[in-house]
Structures are given as structure tokens and as C-alpha cells.
Amino acid sequence: AVVSTQSTGDKLSAYEDLLAELCTLFQEGHMLMSKCNLRSGFESVSADRLPRQGVHEVKAITTLGVNETNDWSIQSREPEKPKLRKRKNVSKKEDERGNSPQKENEKKTSQKIVPESEEKEKDTEKEELIKLPDDPLNWFGLLSPTALQQAQERFRAAIARSVELCNLKQELSKDIGEIENMRANEL
Amino acid sequence: MSKVTMAKSHLMGLVGDEDTCTAFLLGGIGELNNAREPNFLVVKKDTTIGEIESALRKLMGRKDIGIILINQHIANDVRHIIESHTAAIPAILEIPSKEHPYDSAKDSILRRAKGMFSVEDMR
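Going down the list, the protein sequences come from chains A and B. What the first sequence shows, in the numbering used here, is residues 1 to 187, in sequence order. What the second sequence shows, in the numbering used here, is residues 188 to 310, in sequence order.
Heads up, some of the hints might be wrong.
Under the rule of at most 20 Å between Cα atoms (straight-line distance), these lysine-lysine pairs were calculated in the PhoX-like manner [stated by the list, open to error]: (1) A:Lys59 with A:Lys169; (2) B:Lys285 with A:Lys35; (3) B:Lys195 with B:Lys231; (4) A:Lys59 with B:Lys250; (5) A:Lys11 with B:Lys195; (6) A:Lys169 with B:Lys195; (7) A:Lys59 with A:Lys35; (8) B:Lys232 with A:Lys11; (9) B:Lys293 with A:Lys174; (10) B:Lys250 with B:Lys231; (11) B:Lys301 with B:Lys232; (12) A:Lys81 with A:Lys131; (13) A:Lys35 with A:Lys169; (14) A:Lys169 with B:Lys232; (15) A:Lys59 with B:Lys232; (16) A:Lys131 with A:Lys11; (17) A:Lys174 with B:Lys285; (18) B:Lys195 with B:Lys250.
Think of the hints as simulated: they come from the structure by calculation, not from any bench.
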């Protein structure tokens, strides 16, 4: 006999409820994204801003953990805040000295001719992947509109529902398989 | 309380249209670097079924991916691969898209459960 804390019928209705919730979260999230596009500009939030292989480097902030019974759980980390570029601090004293013609000439003569091999090394350095901001919200601009933040919350909730759905689907698949076997044996 | 294996975390794979990929990557599941291939595929209008199949098979073969999300309308094109996948990891979950609402009639669990329970079983 199969002993379960929740009957298969209850699990099925929970499955349907989770599916409906997922669809609702999707719709709300897409509506908010469309609202954001309407206000910020056409297609400001679109697949064109997504990272591209060989160009960008991105690390997931939402990952999965699994336990002994293959039940999934969400593991999310706090995204790093984008670092602002430091302004080149030009002190007042340096400004007062100014750029005299003598100093400018000295600068010009001190410029070395960079050999081609070094130039090629610099080029390979340029081929390093562009590291996008940790928080995907900032891929579409540092000043993210409220609608986009709300959309992100909807989609994060949708991801959590997807994981719950997956776990429930695995349980249901087992239960239904057992019922099918029992019926086949009865026949 | 069951133990959660924290030693290795898994990623979520994604095969979806542009809106779905934008949505889920906004949620933070995307990962991309030179060491590994991306854990997502953006299916555009000119993406062939062969490319979708190839990408799905690659995601299914990766040990660092725990769940693969795929739009239901895209899953219909590669149903033969999904039906033949019986391993627990990675799990495959069909999700709705912006332009194609979820069709419960095509859900594998609900299809199997349909007709399984009759009124007599509930008494």
C-alpha cells in the first residue's frame, strides 16, 4: 500500500493551482515589461540586450539545490552592486601648473613606438569578455524603472513556482505510475 | 528535515522565445562564460527544429543543469525528445509563453491523470 501524506487527487489540484499561478505571474510580468517599454522607449527591454556568447560574461544569481530525494530548492545570492567609475582626480595644484609648451613637447618625445607584438597582446586583451552587471536589472540601464523592478519580482516568483511545479510533477509521476501498475496487475 | 546538498549547485536551463528568455534571465538564471556554453537558447523565428533539438540535447547532457524550462509551443516540436527522456535529472518542465497560453490538454501529467479517477473511486 502506498502511504502518502497527501492524496494523489489533492496533489493534482495543487498542480493545477500552481500552473494557474505561474500563468498569472507570467502575464503580470510581461504586462509590466511592456509598460516599461512604453515609457522608456520601444524595445528598451528586449532580447537584444541579453548577453551573447563570446562577448559577455554573466554569472547566475538564481541556482538550484537538490536534496537526497531529488527535491529541488532555490538558492539565490545577493547580486553585486555595479561599481561606478572613479573620476580622475585632478588636483587644483596640477591645474595651476598647467600644461606648458615645454612639458607638452616632453610628453610627445617620451611616447614610445609600441612594437607590433605588444600591440597584438593588447588586442587579445581587448578580446576579454565584457562582464555585465551582476543584477540582470542593470543590463537594461543603471537606472531601472519601477515597472521593470516589479516585473523582475514577478519572474522571480515564477521561477520559484516552476521549481515547486517540478517537484510536484515528480511526485505525481511516481504516484500515477504506481496506480497504473496496480491497475495493470489487477487486470 | 532532509539534507540539502550544498556542495554543488545546479543551474536552470531554458529553451524559449525572446520574451520568455528575457523574462527568466531577468529573474537571474542566465549564466554565460567561455568555460561553459550558455544555459539558455533564444528561439527566434528563423531558428530551425534541428537547432532546438541540438540545444535541448546539449542541455540534457550537462551535469550542472537540474531543471530545463521549455515553452510548451516549442516543446510540441521536440515532443519525441521530451517523451523519451526518463531520467530524474535534469527535469523538464513546460511553461507558457507570452503569445501561446498554456494548454492543459497537452500537459503530460494531466493527460495521464485524465480518466484515471472516476466517480466510483472518489466514493
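We went through each hint and held it up to the structure:
Among the hinted pairs, Lys59 (chain A) with Lys169 (chain A) is inconsistent with the structure: their alpha-carbon atoms are about 28 Å apart, more than 20 Å. A distance of roughly 14 Å separates the Cα atoms of Lys285 (chain B) and Lys35 (chain A); the hinted pair therefore holds under the 20 Å criterion. Among the hinted pairs, Lys195 (chain B) with Lys231 (chain B) is inconsistent with the structure: their alpha-carbon atoms are about 32 Å apart, more than 20 Å. Distance check on the hinted pair: Lys59 (chain A) and Lys250 (chain B) sit about 17 Å apart at the alpha-carbon level, within 20 Å; holds.
Proposed proximity of Lys11 (chain A) and Lys195 (chain B) is contradicted: the alpha carbons are some 29 Å apart, above 20 Å. Of the pairs offered as hints, the one joining Lys169 (chain A) and Lys195 (chain B) is violated, with about 23 Å between alpha carbons and a cut-off of 20 Å exceeded. With a CA separation close to 27 Å, the supplied pair Lys59 (chain A) and Lys35 (chain A) exceeds the 20 Å bound. Between Lys232 (chain B) and Lys11 (chain A) the alpha-carbon distance is near 37 Å, which puts this suggested pair outside the 20 Å criterion.
Taken as a hint, the Lys293 (chain B) and Lys174 (chain A) pair is honoured in the structure, with Cα atoms around 19 Å apart against an allowance of 20 Å. Restraint check: the Cα-Cα separation between Lys250 (chain B) and Lys231 (chain B) comes to about 26 Å, which exceeds 20 Å; the hinted pair is violated. With a CA separation close to 34 Å, the supplied pair Lys301 (chain B) and Lys232 (chain B) exceeds the 20 Å bound. With a C-alpha separation of about 13 Å, the suggested pairing of Lys81 (chain A) with Lys131 (chain A) holds against the 20 Å cut-off.
The straight-line distance between the Cα atoms of Lys35 (chain A) and Lys169 (chain A) is roughly 33 Å, outside the 20 Å bound, and the hint therefore fails. Straight-line distance between C-alpha atoms of Lys169 (chain A) and Lys232 (chain B) comes to about 30 Å, which puts the hinted pair past the 20 Å bound. For the given pair, Lys59 (chain A) sits about 27 Å from Lys232 (chain B) by alpha-carbon distance, which is inconsistent with the 20 Å threshold. For a cut-off of 20 Å, the pair hint linking Lys131 (chain A) to Lys11 (chain A) is broken: about 43 Å separates their Cα positions.
Distance restraint check for Lys174 (chain A) and Lys285 (chain B): the Cα-Cα separation of roughly 31 Å exceeds the 20 Å cut-off, and the hinted pair is therefore not satisfied. Pair hint Lys195 (chain B) plus Lys250 (chain B) holds up; C-alpha atoms about 11 Å apart against a cutoff of 20 Å.
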